[in-house]
Each structure stands twice: as C-alpha cells, then as structure tokens.
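> Below, each chain spelled out in residue letters.
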Amino acid sequence: MKNLKLTKPLALLLSGLMVTSSFAFTAAAADTDGTNDGNTASSSVVTQSISEVQELMNTISYADYTELYASAPKGRSSVTVNGTDYVAEETDTQVKQDTYGGKNALYTPEEGTVVYNVDIPSDGLYTIEAEYYPITGKASDIERSFRIDGKIPFKESKYLSMTKLWKNDLSKGAESDTGFEQDPNGNDVRPTAYEAPEWMTYDFKDSTGYYNEPFQYYLTAGTHTFSLEATREAVAIGSITFKPYEAPKTYAELQAEYESKGYKAVSSDATQKIQAEFPDAFSSQTIYPTYDRSSAISEPQDPSKIRLNSIGKTTTWQSVGDWVEYSFTAPESGLYKIVTRFQQSEQSDMFVSRKLLINGELPFAEAGNLEFAYNDRFQTAALNDGDTEFTFYFEAGQTYTLRFEIVLGHMAQLISEIEASLTNLNAIYLKIKQITGATPDNYRDYNFIELIPDELNLLIKESDNLYDFSRRLEEITGERGSNCGTLNNIARIANLMGRDEDEIARNLTVFKTNLGTLGTWMNTARTQPLQIDYISIQSADAAIPKATENAFQAIAFEFQQFIASFYTDYNSLGSEESGEQSIDVWVTTGRDQSQIVRQMINDMFTPEYGVPVNLKLVAAGTLLPATLAGEGPDVAYMGGSDPINYAIRSAIQKLDGFDTFDEVVSRFNKEALIPFTLDVQDNPETPDKDESEAAGVYAIPETQSFSMLFYRQDIFADLGIEVPTTWAELKAILPVLQSQYMDIAMPQSLAGFTLLYYQRNGDLYADGGMRINLDSNLALDTFKELCDMFTQYKFPLTFDFANRFRTGDMPIGIADYSTYTQLNAFATEIKGRWTMTTLPGYEMTDENGNTYINNTSTTTVSGLVMMRDDERSEAQTAAAWKYIDWITSAAAQARYGNEYSALLGNGTIHVTANMEAMRDMNWSSSELTTLLAQFSNLKATPEYPGSYIVTRYVDFAFLAAYNNNADPVESMLKQYIYINKEITRKREEFGLETLELGQTLEEKRAAENNVSADD
Amino acid sequence: MSQNTAAKTEDVKKPVARKDMTMMQWTLKEMKRNYIGYLMLAPFYIIFLTFTVLPVILSMVLGFTTFNMLEPPVFVGLDNYIRLFLDDDIFLLAVKNTFIFAAITGPVSYLLSFLVAWFINELPPKIRALVTLVFYAPSISGQVYTIWLTLFSGDSYGWVNGWLMELGFITEPVQWFKNAAYVMPLCIVVALWTSLGTAFLSFIAGLQTVDKSLYEAAAVDGIKNRWQELWYITLPVMKPQLMFGAVMAITGSFGFGGIVTALCGFPSVDYAAHTIMHHLEDYGGQRFEVGYSSAIATILFLMMVGANALVKKLLSKVGQ
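Sequence lines, in order, name chains A and B.
Position one of the first sequence corresponds to residue 1087 (the working numbering), numbered consecutively onward.
Position one of the second sequence corresponds to residue 86 (the working numbering), numbered consecutively onward.
Any given hint could be a false lead.
Only some residues are given here: those of chain B computed to face chain A with a beta carbon under 7 Å [to be verified]:
#1 239
#2 296
#3 371
Note that these hints are calculated values from the structure, not bench results.
Every value quoted in this text rests on a predicted model; they were computed, and no experiment measured them.
Glycine included, every Cβ here is placed at the ideal spot set by N, Cα and C.
Required output: the full structure, derived from the provided sequences and hints.
Pasting the structure below:
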C-alpha cells in the first residue's frame, strides 16, 4: 500500500481532468451498468454430491446425443409400462397405489427415486410419454430426473418438468358485469388461482425449450430399467409409453387434404370471440388476468376503474413450457383463421413464439412455431409462422380446446448453440484468467501459445460460430438489431485474441464484459413475454379486426381519464367502509405486494373475523410525522431498529400481554423476537419510577433473512477441493483458490464481525445494553481474525457477488439466502453446477467435552407493530392484534409468499419469518432441508438505546485496519469508547441506569456496596 | 404622538394628516388604500409564511427544547447550544469540514462559473448553446454524480483501480470512498464538477444583458483593455446576477451533504467528510433528537446569513 502516496495526487489529477472535460462523463456513464458494487447476497439449498456434479459434467448434451445416434433406426412399435408396475426393491421412496381421477396410479412423493423395467421390442429411437396426475401441493412445476439403466443418457434428461393444471376461481365474480369480483371502488379484483388436477400427458422434452421436438432416446432391444428421481413436487404416474417418433403433418399436406375434401371458408357471422383473460386452464400460478390501460379499445376498458382485460401483461407469461388453454364451440363447419389481438413490446427487434395445440394435438408441424412480432402497440394478426397465415378446419357443434404453449420456436436451435458457445468462451476466459489474474499485464509475455494452444484454436472457432449466429439471427428476425451487434462484437474480440496472443491480456476485461452482456441477452432471449387481449376465431375470408384505436378514440379516452383523475382516489387499495371495529393498516412495500395483502384480507381475514381493514400504501417516511400528528394507523410494518426506537418513546404498544401471544411467537425462530424486545431494567437511582414496566416484545416478525454459503460445485470438483464446513477448512483451501486468482465473498465490518463472534458464542452487548462488549478478549480476537481475512488473506472488500459467481471469479461466498432464487432464475448458464449450503463455522467444545461445529448465521428481521393510541376502543385493539396474528400465520404467509413470487417473477422470494410457511413455499425438498438446517441455527443482534452508533464505529475500526494497516485491536479499543459514550448519553436521555466509562455493572454494584458498607 | 391625539382627531372628524397619525395607523390606512396590491400578494405571502418563515421560527424555538418526534418537547434553555459547542467534538469537526468545503467549493465554483460563462459568452450563439449544455449537464442530470462511484469503485474491476493496477502504481484495489485520506478531496472535486449550476446559467444570462453601447461609450472614455471593461462595465451591470450566483454558491457549499452521503455512505469514514448538514441529519434522523438538530440548523442558518452579508459587502466593491 506504499504506492498510495503516489496515487492520491494522481487521482486528483484525474478528477481535475474530469472537471474540465465534462464530455468524458457521457462515455463513462454508458458503462456504469457494467460494474455494480452491490454486495448482493445469495444462498442455495441443494445438496448434490461432488460425484453427482461430475456425472452431470461428464454427460453429453442432447445435441451431441442426437449426433451420436443420427443413423440409428426408429423404434418399431410402442410399449406401455403401467405406473403401478414399479420395481419395489430398487425404489427408495414411499410410493403408494391409489385411485386418482378414476384411474389407478402410483403416487410418487417429492423426493426419492421410483424404478421400472421395460421390454424394448427392437433397437431404435423412442420418444417417451407419461400419463400423469399432478398432486395438489406447492406452486411449482413437477420436476423429475430420468435415468436409463442407472445413467443419465444426456444432460437435459436430468431436468424434466411437467406442468400442473390451474384454474381461476371466478365464483365471486358471478354477479359482477365484468365476470370478476369487484372491490368497493368498482375495480376488478384478480381471481384466486387454484390447482384443478386432471389426467395429463407429458412428452419427455427439453425444459429449457432448446429442442422443439420431444427427446428421442436410443434403446437396444431387451429389458431395461429406467428411473424417475423426484426433485420437486409429488405426482401420480398412470403409465409410461415408449413409442417411435412420428413427425406431424406439414401445413402444405394438410392444405392439400382440405382442398381435396372441398372445405370452404365459413360465413362471416360465424365469428367466435374469446376474451383472453378468461382461460379455461393454465399451467402456472404466475399467469393471471392483467389490466392494460394503454389502449382505449382493449376489451373491456374503463378510464378510471381497473378492468382485467388481458392475460400475460409485461412478463407474467413468458417462461418456456407454460401454457394457457381456451375452448370454444364451432358454429359452422369450414375453414377458420384464428386472430389474436396482442401486444409484444418487450422483446425488441425479435418475435416471441407459441405452440398451438388443438385438443392436445399439434394440428400441423408449423403450428409449433407461431410467431408474434415486436411492436410497441397492440397488433392483430392471424396465427402465422412469420411467412404463412394459417387456416384451420373446425366441425360445426364440436368443442375445441386451444392451448398456447410457450416455445422458443425458430429461435430454439440458435439460442441453444449460442449458449454452448457461451459456455466454451466462459471456460476459456477462466483458463486465461488463471494465468493472468484479474488485471493482466499488457506488456508481459505470458506465452499463451505454449500454455493453452487448444483454447486459442477454440477461440477462433467460436468466433466464426458467433459471426454465423449473428447472420442467422438477422435472417430469422429479419432485422439487424443491437443483438447482432453484441454477437459481432464478441466474435471480433475472440478472433483478435485467438489470432494474436499479445492481444489476449489487452482485451481480457472487454472480453469479460461482453461475455456478461451476451449472458444477459441469452436470458432475455429465452423469455417469451406476450400479452393477449382476445382471440377471435373467424372466417378465413373475413377482415382482421382493427388493432389500435383511432386518434379520436384515443383523445376521448385520455380526456375521460383526465376527468376521472379528479374524483378517483388511486391510493386507497379498495378500502372498505369503516365500522366500529375497522382498523387501519399501513404498508410501505410496493403497490403489487400491497394488492396481494388487500386481496388476502378480502378473501381470508374479513370474512373470518368480521373486521374491515383499511389498507393504505404509504411512503416509508410517512409514519413518523403521522404518528406525531396523531393520524397514525393501528398497525404498521417496521424493520431494523425502528420498533425499539418507537417503543422506548412510547409510540407503539407492548404485545406480550395479548392472550394468544405465546401461540403466535411459537411460529418463529426465537431469535426473531430479539430485535423486537425492549430490554430495560429499573434504575436504582430513581426508585420512584418503574422503568422496567416498558420491557417486553413490541413487534411480531414477518420477514427474516439470513446468510448461506454458495459455491460452484463444478469449480470445486475441478480443483479437487471440498466445500469447507469450518473456517479452518476455508483457510486451507484458500491457497488453491487464490493460485487460480479466485476470490471469496465474505461479509465485512459489523456484519462479518457478528457472524464470527456469534459463532464463538460472543455477545455484542453486556450488562443489559449498558455497555458494548467489544473490549473483551474474545471480541478483540474475533475482530482481529476478521480484519486478517481482508488484510492478510486479501479478501476483496467491494465486489458484485452474483456476477463474479457466474463467471467463476468468486466460486464461493456468503450471501443472503434470497440470492438463491435470483441465481436460479437468472444465472441459467451455470444451472446444476452450483449450490448453497450451511455456513462454515468454528469447532467448539460443549460442556460435556464433545466437539461440534457452531455455524450460526446472523439474521435480520422486520415485522408488524401496533401503534399506541389511548383512544382506541378495546374492540379495535383486539382486531388489530387479530390482524397481526393472522398475517403472520403459516397459512397467510405461505399464500403471500407464493403470490409474491407469482406476481414479481421467479427471481424473487418472500423471506418469511414463519418457519411453517417456508415449508409450503416454492422450495424443493432438498433445498428446504438445507435452508431449515440454517434457519434453526440463527442469532440476532438485540437493539438497545444508542445501538445505531455501533455500526459506524465498528466500520471505522475495520476500515482503519484495512486502509491504514492499523492494528485491529488498537483501532477497536480506540473506537469502542465512543460507542459506550453514546450508549450512556442515550440511556441518560431515557432515565435508565448508566455505567462510568470502563466500568462493568459488577464493579459498579461492588463499589456501591462498599459505599453503603462504609456508611 | 400618542393614542389620545389620534382618538381626538377622529372624534372631530377633521381631515387627517400624516403627522397626526401613529405609524400603525398610517400603515393601516395605506394598506386599506392599496388593498388590491395586498390581495394580490396574499397567495404568495400565505404560502411563504406558512412553509418557509414559520418552520424557520419553529426550528429556532425547538432548538431550546429536547424533542424526540414522538413525545412532546421539553424546554431546556440553552443546553443544546452549550452541548453543541462544549461537548460535541464531532460538531466541531463538522464545522471545520463545512468551512473547508465552503471555502474551497464556494469561491472556486463561483469563479469557475463566472470564468466559464465569460468564455462561453464569446462563442457564436449556436456553439454557445451547445457548450452551455455540456457544462450545465452534470448539475441538471440529478444522480449522475454516481458515475464517480463507478470510476472510483473499490472493486478491483473499478475504472481507476483497474487503470492504476494496470500501470503498476498499486497492487490491490484502493477503497476510494472508504478511505479517510481520499474522501474529502474526492468530494470536493465532485462538488466542483456539479457546481456549474444555476449560478452559471444566470451569469450567462447576465453577460448577455449588458448593453453593447456601454462598451463603445467606455472605449471612448478611455477603457484600455478587456480586464478594465470587465471590471468597470460588465461586472457592475450584472451585479444582480452576481448576487444571485453568490447566494446560490453559499447555500450550495454550506448545505453540501447529499452527494457525500451518496458517494461515501453515512457517516463517511472517520467523519472525514462529515458536514454540519450530516450532523443535523444524524441527530434529526437517526437519533430522534430533533431539538438538538434544530439547534444545529439554527447555527447553520446563522452561518449562511453571515456569509451572505460578507458577500454583499464584497460585491459592493465591484467596479470601484
């Protein structure tokens, strides 16, 4: 760090340059999204053994598999295995036979493997079809891994995903003119979706959508065993059929057939219009009726009220495999075309794809690649594949189901190839980085040609591939958009680096940034968002309806909205008329979340308890002034140190006196209550006052987050190291990681300190919060250990964990567990190659002399408080407590959690504090096991008057050690005094007992006793 | 003049002369006569009094109390001020930092604004508009100073760190905004960078209002060079703009805080860039001590008023 003296004037000089050349900022600003310093925390729960990871890494992809068996013949005839004919000896899970939907089937739970035997009649390729009945459970799809003869034939076979069947509960909307339930303001309320299981069939196919056709497995004649290993959700298996693949008819063949039969277009009044917001069934809870006010002629539309008039707005219907189903009865026999009014404004310069199944069958091959072009406004078009508009033959009086399933269509092949390319390029990047480190020296001769000749050749090959992809992308989309630019750019750099080894070091950073961009683009390209307003099944000859309103309609609509804005209260979330018992609840989350709560209140709370709730969405800073003005709510959401701050100033009510209190708090990890507990004792100096009266619990936890350890299994397997369970083991693998220029994500300052300190059974405060316990030997030792991690072991202080984890720069790190869902949803290119596990800990010895590993995680909590209002009636107070009781209950939390993920997308998770509710949320059984292992092992930091001061001074001490190489112990001893000073000052403000600086309570009592003894 | 005389005169109903009335009566009478004017001023005055003057007065009153926002305030006399000056090291540090900020960024940004405006004024109109936008952009684009976070990121992939490491000056990333040694200089630089704001625009406007014929007249009267022209003609003519710019620069440099928080976090490491503004936020926001933070606000207010008076004095010397 000696160089710092030099860098300071240099930095100043540079900043000076910036001032005079303001032009530079535009260029720099354009790049800001690249380097983002959020210490995003993440954690995952899958327990996969190293051998499993290696198995997966050594398995070929389906693309290679088909190449391998390109010349294999088709199977000759099909074989069906009954679900109940399983091999009991090899099945390792609690299966049972039962009747589902009138059929006998085998129930398989959400974990374990079920094994079958099959006699294959002849060598050849077979597709596999399963008949299944989804078991009502969590909101996720059913996931299975398929093995033949104990082996996974190709990677994609590990991730089979079967959808469930959901329906909307429209019973409450029966009387409303829109068909949906309406709130007191006349706004449509989103219907509740429920699982309505039926027998369904599933063709084994790629869950990522990279291959449009079902998988074809090569099987030799004779007996084979095959197995289905559960990763998510229970399912009942009816039968499994192996059959030769039959390609569907082409549209041309079908046309010829129609012509020969003399089918004609139906008359123009045979039009059937289906409003897309009323699907008969759909595959996921995340697909729900949405409202759209962007167009005046969306059906139905209202200038001021919420009208659910479409399905799939923004990104609610975008994941491959999800489908929506409608049905209609054809009034006349003849040729129809199917016109949709849709909006596809998310995927610019691209189209999104859907597959149409009529009565569960693909009517012709091209129906698997329906395209919906990009436009920022609504469009109407007959179903087409980008070239041809299709006509369909429907029989009069017959009922047809139309299922629109998300596929990647024409993009599938390309995207899967780009992903393969990206994986290769990432591997090359890691190889180069292992030689050069994060900041390569441009002027050094690394001798890449000797060290990694194959990689350089591969770079050139991939570069050619990328140019080819770019050209094909342009061909498919018909546009030369920014996407082609990304591909060309990275191709150019790869080529440059492959041809001239001197360019490698120089371009490595740019190369990395571009790989990131490509990865992001891949993720975007894989999503297929589409919003549909209605589907019109009309005569093949009839004109297509208008897509957008004309200028007059638009102006009239805008004007109506403007007028409506004068008498509509957009902030009230459908508040109900206030009654004797009604309570006010304020939420500070987003609008979407508060609407979930609103709906839950309407569905669950008010009907059951008869208490109307006025739910208001307010800005975060509103509560304090409102409380001051006496206008506060009855119940509010609060986090951090707020509950104690309010409690000690008598602004919120103590909750432990309520009758059901014990039952309510039994739902949580006991640590969750620590930050909400006001811990004050009587002050011996003021015997007339009863300070301890205020002591108690002031909030009920709602969310609770904690950390998990994330690591890249592939990299660990590659380096031959195990995931550490103790800090000692972590330090042991450090040299291996650091020799590859890999880093570790570790929380710093107070967060890092408390993590280590709590694992060594330390306490942050002493003597009931009268002093900070940072001067104890244990604390100083722990603090030194933390500082050493960053100074001696060079852990990085600033980093973007999610990004570095993806690239492999940071193959291990401690992060908040919600990162797991984030990475799961967005880091698809490393799917199956990483996981989360419990934290590393210290080896400790308990009082019986047994050693154990203490891997406690720190935790933070937010919860609900009841505001103090002496004028509130008994009934209202009881009602407010009921609300708190209800919203933190397992049933309410689970529903909220599931709807939260459904509404905000797969990357989000509601970090509930209710342990029971976590079980019912979208976690697989193995994820849940890992999570609960850590969930039951937490420690929270208590809140005392003046606790806000701790973070900053610990931070100062930490930074002094980090920046200036100060001795950690000395810098901590210097700072902790300030903390004690502030704590004392703050306690005096509240008339609480205080200690002299450097004194312990014990010493104080002893001194007092001496004085009284002297008397 | 006494109340008695006034009453008497009214009784007699003689025509009233100014000298027969008290000040108050005269004012009331004039107000009645010009009530239309007062009526027109009323909307502004009501809002100004309620939302500007009243809070200032309230804040001054609260400065003599302890008040935690949730319970009623308690009068404590001068305790807050005594503690502020005698028992609060960090406040003194904040005063020091604020003065360093104000002393550097205030005058420098003021001069910089004026010089840049003066130069730009010489450019042809079209180019002038463009260059004005370039210089003005940093201060209108809101949060754009966060690009400094990217530039001086503590990540080894940060721009400056990456660059310095490449050149071999450092071997591991420097925590620019987390290191007491760099925090203050960097914040001053960022402050200057964003400071070409409203003052700068008003200078450009001021420079354009100068009557060209004045320069010709001055040339005839014997002005020798551009400096004299600037000192004797341009500056005196644009005194209102100079005053406006000065007020903006003072409030800007004394009230500087938001950018520091955005760049260095709150509080900045070792209070290295802790200004009075931060101290105020610290007590008002984090510690729920609104009485104390009101006292701080009062001090800051007085400092600004003082600086304002000083600048007024200085500006009156312009052109002499």
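> For every hint, state whether the structure bears it out.
Evaluation of the provided hints:
{"no.": "1", "hint": "239", "result": "holds (3 Å)"}
{"no.": "2", "hint": "296", "result": "violated (32 Å)"}
{"no.": "3", "hint": "371", "result": "holds (5 Å)"}
Checked against the numbered hints given earlier, this structure breaks only hint 2.
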